[in-house]
Amino acid sequence: MEKQQEETMSTKDKLLLLEYSKIALKRIDGAIVNATDADSIRMKKIQETLGLTHDELLRTASDFLGGTISQ
Amino acid sequence: MSFELPEEQSHQLDPIRESLEKVNFDWKIPPEKLEALVGENQNLKEMLEDVFDQCLRYTKTVVEEQELLLTEGHGEDHAERDKLRSLTHTATQDTLRAFARNLIKSGKTAANIYPLMPNTESRAACGQFALRLTLSREVSGVQV
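First to last, the sequence lines map onto chains U and R.
Take 1 as the starting number for the first sequence in my numbering and just add one per residue.
Take 1 as the starting number for the second sequence in my numbering and just add one per residue.
Bound-form chain U, shown alone (with noise of 0.2 angstroms):
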């Protein structure tokens, strides 16, 4: 998603995408390993509705949350 794109995400579509980076990190942190499990469907269903696939979604969110970052 693009940075404009990004400006105007609604409140639900921002958490979608914190939804699916907390899914993203559970992966990462080894606790999911079946691709087939609810998680990852739930992905699935969070890239459908966003219209963004899993490299875009993970872009946007580094790019929304590095944006919040406050010291």
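Honestly, I wouldn't trust all of these hints.
List of simulated lysine-lysine pairs, DSSO-like, C-alpha gap at most 27 angstroms [as the list claims (entries may be wrong)]:
#: 1; chain 1: U; residue 1: Lys26; chain 2: U; residue 2: Lys44
#: 2; chain 1: R; residue 1: Lys60; chain 2: U; residue 2: Lys45
#: 3; chain 1: R; residue 1: Lys105; chain 2: U; residue 2: Lys22
#: 4; chain 1: R; residue 1: Lys28; chain 2: U; residue 2: Lys14
#: 5; chain 1: R; residue 1: Lys28; chain 2: R; residue 2: Lys60
#: 6; chain 1: U; residue 1: Lys44; chain 2: R; residue 2: Lys28
#: 7; chain 1: R; residue 1: Lys28; chain 2: U; residue 2: Lys45
#: 8; chain 1: R; residue 1: Lys83; chain 2: R; residue 2: Lys60
#: 9; chain 1: R; residue 1: Lys60; chain 2: U; residue 2: Lys44
#: 10; chain 1: U; residue 1: Lys22; chain 2: R; residue 2: Lys28
#: 11; chain 1: R; residue 1: Lys83; chain 2: U; residue 2: Lys26
#: 12; chain 1: R; residue 1: Lys60; chain 2: U; residue 2: Lys26
#: 13; chain 1: U; residue 1: Lys26; chain 2: R; residue 2: Lys33
#: 14; chain 1: U; residue 1: Lys12; chain 2: U; residue 2: Lys22
#: 15; chain 1: U; residue 1: Lys44; chain 2: U; residue 2: Lys12
#: 16; chain 1: R; residue 1: Lys108; chain 2: U; residue 2: Lys12
#: 17; chain 1: R; residue 1: Lys60; chain 2: R; residue 2: Lys33
#: 18; chain 1: R; residue 1: Lys33; chain 2: R; residue 2: Lys45
#: 19; chain 1: R; residue 1: Lys108; chain 2: U; residue 2: Lys26
#: 20; chain 1: R; residue 1: Lys83; chain 2: R; residue 2: Lys33
#: 21; chain 1: R; residue 1: Lys83; chain 2: R; residue 2: Lys108
#: 22; chain 1: R; residue 1: Lys108; chain 2: U; residue 2: Lys22
#: 23; chain 1: U; residue 1: Lys45; chain 2: U; residue 2: Lys14
#: 24; chain 1: U; residue 1: Lys22; chain 2: U; residue 2: Lys45
#: 25; chain 1: U; residue 1: Lys22; chain 2: R; residue 2: Lys83
#: 26; chain 1: U; residue 1: Lys44; chain 2: U; residue 2: Lys14
#: 27; chain 1: R; residue 1: Lys45; chain 2: R; residue 2: Lys108
#: 28; chain 1: R; residue 1: Lys28; chain 2: U; residue 2: Lys26
#: 29; chain 1: R; residue 1: Lys60; chain 2: R; residue 2: Lys45
#: 30; chain 1: U; residue 1: Lys12; chain 2: R; residue 2: Lys33
#: 31; chain 1: U; residue 1: Lys45; chain 2: U; residue 2: Lys26
#: 32; chain 1: R; residue 1: Lys60; chain 2: U; residue 2: Lys14
#: 33; chain 1: R; residue 1: Lys83; chain 2: R; residue 2: Lys45
#: 34; chain 1: R; residue 1: Lys45; chain 2: U; residue 2: Lys12
#: 35; chain 1: U; residue 1: Lys44; chain 2: U; residue 2: Lys22
#: 36; chain 1: U; residue 1: Lys14; chain 2: R; residue 2: Lys83
#: 37; chain 1: U; residue 1: Lys14; chain 2: U; residue 2: Lys26
Because the hints were derived from the structure by calculation, they are not lab data.
No experiment lies behind these values; they were computed from the predicted model shown.
On the provided structure of chain U, position chain R as indicated by the hints.
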């Protein structure tokens, strides 16, 4: 309208093309490049594991803080969460600084280190790096 440079002149553009290829327009910080940087040095390998863990911890706190902010707004819970995030941010910067210092001690040059690592004196750059590195680990990991 288009034109082509004669072949002998086209070669004069090669250094420019090579420079452009070296510029990283990508948002990702490939973890495997950091692993290649530390090589077989056991101490650096352990420090890199700490970097991965600390960056993951920081990313989790940022995500949780933002979720709280979007659902409940600025309140007492958010103030507590923000304090935790700030402490985790400091710990992340310390971890990255120690890692960079040990890379230099082990003989790595700035030219090797800084295309991959942030300026560890910049708090914001360390935070940004932690988020990117962590989410890059998911991109290069299991596909959905």
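Against the structure, the hints come out as follows:
no., hint, result
1, U:Lys26 x U:Lys44, "holds (15 angstroms)"
2, R:Lys60 x U:Lys45, "holds (22 angstroms)"
3, R:Lys105 x U:Lys22, "violated (36 angstroms)"
4, R:Lys28 x U:Lys14, "holds (21 angstroms)"
5, R:Lys28 x R:Lys60, "holds (18 angstroms)"
6, U:Lys44 x R:Lys28, "holds (21 angstroms)"
7, R:Lys28 x U:Lys45, "holds (24 angstroms)"
8, R:Lys83 x R:Lys60, "holds (14 angstroms)"
9, R:Lys60 x U:Lys44, "holds (21 angstroms)"
10, U:Lys22 x R:Lys28, "holds (18 angstroms)"
11, R:Lys83 x U:Lys26, "holds (23 angstroms)"
12, R:Lys60 x U:Lys26, "holds (9 angstroms)"
13, U:Lys26 x R:Lys33, "holds (23 angstroms)"
14, U:Lys12 x U:Lys22, "holds (15 angstroms)"
15, U:Lys44 x U:Lys12, "holds (17 angstroms)"
16, R:Lys108 x U:Lys12, "violated (45 angstroms)"
17, R:Lys60 x R:Lys33, "holds (23 angstroms)"
18, R:Lys33 x R:Lys45, "holds (13 angstroms)"
19, R:Lys108 x U:Lys26, "violated (33 angstroms)"
20, R:Lys83 x R:Lys33, "violated (32 angstroms)"
21, R:Lys83 x R:Lys108, "violated (35 angstroms)"
22, R:Lys108 x U:Lys22, "violated (35 angstroms)"
23, U:Lys45 x U:Lys14, "holds (15 angstroms)"
24, U:Lys22 x U:Lys45, "holds (15 angstroms)"
25, U:Lys22 x R:Lys83, "holds (20 angstroms)"
26, U:Lys44 x U:Lys14, "holds (16 angstroms)"
27, R:Lys45 x R:Lys108, "holds (14 angstroms)"
28, R:Lys28 x U:Lys26, "holds (19 angstroms)"
29, R:Lys60 x R:Lys45, "holds (23 angstroms)"
30, U:Lys12 x R:Lys33, "violated (35 angstroms)"
31, U:Lys45 x U:Lys26, "holds (17 angstroms)"
32, R:Lys60 x U:Lys14, "holds (15 angstroms)"
33, R:Lys83 x R:Lys45, "violated (30 angstroms)"
34, R:Lys45 x U:Lys12, "violated (40 angstroms)"
35, U:Lys44 x U:Lys22, "holds (14 angstroms)"
36, U:Lys14 x R:Lys83, "holds (22 angstroms)"
37, U:Lys14 x U:Lys26, "holds (18 angstroms)"
In this structure, the hints that do not hold are numbers 3, 16, 19, 20, 21, 22, 30, 33, 34, in rising order.
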